[in-house]
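Here the protein sequences line up with chains H and B, keeping their order. Numbering follows my numbering, in which position 368 of the first sequence is assigned residue number 368; successive positions increment by one, without gaps. Counting from 1 along the second sequence, just add 1000 to a position and that's the residue number in my numbering.
These aren't lab readings, by the way, just hints derived from the structure by calculation. Please note that the accuracy of each hint is not assured.
To be verified - Across the chosen pairs, the derived CB separations fall in these ranges:
| id | chain 1 | residue 1 | chain 2 | residue 2 | range |
| --- | --- | --- | --- | --- | --- |
| 1 | H | Lys111 | B | Arg1076 | 14 to 24 angstroms |
| 2 | H | Asn346 | B | Glu1072 | 11 to 21 angstroms |
| 3 | B | Thr1062 | H | Gly40 | 30 to 40 angstroms |
| 4 | B | Leu1010 | H | Ser360 | 33 to 43 angstroms |
| 5 | B | Arg1076 | H | Lys426 | 51 to 61 angstroms |
| 6 | B | Asn1023 | H | Lys111 | 15 to 25 angstroms |
Here a beta-carbon is modelled for each residue, glycine too, at the ideal position from N, C-alpha and C.
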Amino acid sequence: MYILGVSCFYHDSSAVLLKDGKIIAGAEEERFTRKKHDAGFPINAIKYCLKEAGITVKELDYVGFYEKPFLKFERLLSQHLEMFPFSYWSFYKSIPSWINEKLRIPHLMKKKLGYKGDILFIPHHLAHAASSYLVSNFNEATIMTIDGVGEWATTTYGYGKGNEIKLEKEIIFPDSVGLLYSTVTAWIGMSVNNSEYKVMGLAPYGKPTYYDKLKKVIDIKEDGSYKMDMSYFDYHYKLKMPSKKFIEEFGSIRTQKEEVNQKHKDMAASVQKITEEIYFKILNNAYKKYKCKNLCVAGGVGLNSVANGKITKNTPFKNIYIQPASSDSGTSIGVACYIYNVILGNKERFYMDNAYLGPSYSYEEIKKFLDDNEIKYKILKEEEIAKKTAKLIRDENVIGWFQGRMEWGPRALGNRSILSDATNPKMKDILNLKVKHRENFRPFAPVISKEDVHEWFDIDQDEELFMLFVYPVKKDKRKIIPSVTHVDGSGRLQTISKEQNERYYSVIKEFEKLSGVPILINTSFNIRGEPIVCNPYNAYKCMMGTGIDYLVMDRFLIKREDNLKDAWDSEKIAKD
Amino acid sequence: MRILKALKKLHKVVTGTIINIVNFILLLPVYFIGVGITSIIAKLFKKGFLNLKKENKKSYWTNNEVKKGEIEDYYRQF
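Isolated chain H (complex conformation):
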């Protein structure tokens, strides 16, 4: 049985294909179109999924969509009815896409995909909940979903048991902690639905001096519920954030020419504190009700890895599962699994313990690409790959690492990664300046061999699969791995075992032999402002446009200096 889950038309379109309940392929559309957060119909992602399965549209048994469009349209109309006549510009900008696309999903599926069957529409937060719970290995769990907004709900909690999911309580639009975080992101002069994670990374540089002022803007109850004073916000009727009253209260919005200063850092720290307060109050309240130590989190705010890393210390929850694409792109998994397990009642569930769902490229395909483009390369023997890569890293080189199947979700997890030396104090600045062209306050994340994690991090789990949790680096280790230790002594780590990804694991172990440290910098393989690389061409282009020294694609080693005919400067186009 083949089930296709689709998410699109808001941000981060994606598609996932299940075969008899097992995820066999999934990808975000942006990786194919090279348009970051592409919200368009994910035709390329769908085509990839079908190709991976070796089927056509005709073999699909069910197709599911990640929300109830008419309910969402009802909410949109409600906004305009409430805010008339001030919302005309937003009305004019948004209504055409609703008329042309969003209210015509079955027609679009038929036109763009050739799928003539019925579509199943899963409520948005239910799709989020399913995207985490149904691919976890829990038979029972408390579930929290928290995002900007779905149809009406912005925050929910409930439970999952066996194959059943019940979301019991919700907070509805316009009250939304996700949109509060986005408002602050916009106030700091960064792009909404894109840069919230940067605000999270900025927070440790500040103090929460705006916390009391922010409490005027949002009333938080002991059970975690909250209500916002909407006079400080514009998002319910305008296309920009924040409102004049917010600006009068907190100061003007940072322009692009203005440096990020202490005021912005303090505001980032304050909104992070507010978000964590809500997070833990909701979770503690949910635990009182369900008394289950397993927790599943989903929704865009579930990508707040700083808050995630503090859950076990601030709540009774002990076991936490968050699927790597916790935001809207992940709902395509939730849709497909909800159809298979809940609607159709199939008992066996698929446990997602890795994120390698995207396309891979064979040795022959890569070789053809390199030969067709007259790219100079060396071929390594299998046993040389890890040793050579580790040696290059130890020699202060930056490595583009392109292996196996592309990752699902926003994080690079060892198949489309840039790897470098975590022990080198200069490496963070080298990467920020020469390779990623990004703000210097942005930290880099470590990857560590699974068996060594407790020696280096204060972590109460045995592994961290998807880089969704930030943990403190042990105090005596911080000076050894300065390039992956954030200013507050933390790191957003990934653990890896040999069984999960042998080549990636081997590079870490070979590096350990050279340096005594089983940790590397792992950052996403992309130019700033572009999605993570998908195919060999993207990878090569990224290397040649940045300061990456070597590219290791399967067994091929490509040196940037040997191919300067293809060099170009990506800094000019790097932007968010």
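Start from chain H and add chain B according to the hints.
Below, chain B alone, put in the same frame as chain H:
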């Protein structure tokens, strides 16, 4: 080739501009008459569409009314 590309780009810009102007004009009556009249009548009857009022309740949680239904319920877009 360059000329063709430039013409294509120009065509896109021109048609995009025309679409935007037509949308703006067509949506004006829809908004001011359709949305506007409904909104004014609703406000006369003190009916709100978003909960914007300041409140001070013990809890702001509301019940999630979504129940697991039959498969036919999921074929609906609402």
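Hints and how they fare:
1. H:Lys111 x B:Arg1076: 14 to 24 angstroms: 21 angstroms, holds
2. H:Asn346 x B:Glu1072: 11 to 21 angstroms: For B:Glu1072 against H:Asn346, whose Cβ atoms are near 19 angstroms apart, the range 11 to 21 angstroms holds.
3. B:Thr1062 x H:Gly40: 30 to 40 angstroms: The hint (30 to 40 angstroms, Cβ to Cβ) holds, given that B:Thr1062 and H:Gly40 are roughly 34 angstroms apart.
4. B:Leu1010 x H:Ser360: 33 to 43 angstroms: 41 angstroms, holds
5. B:Arg1076 x H:Lys426: 51 to 61 angstroms: 58 angstroms, holds
6. B:Asn1023 x H:Lys111: 15 to 25 angstroms: 21 angstroms, holds
Checked against the numbered hints given earlier, this structure breaks none of them.
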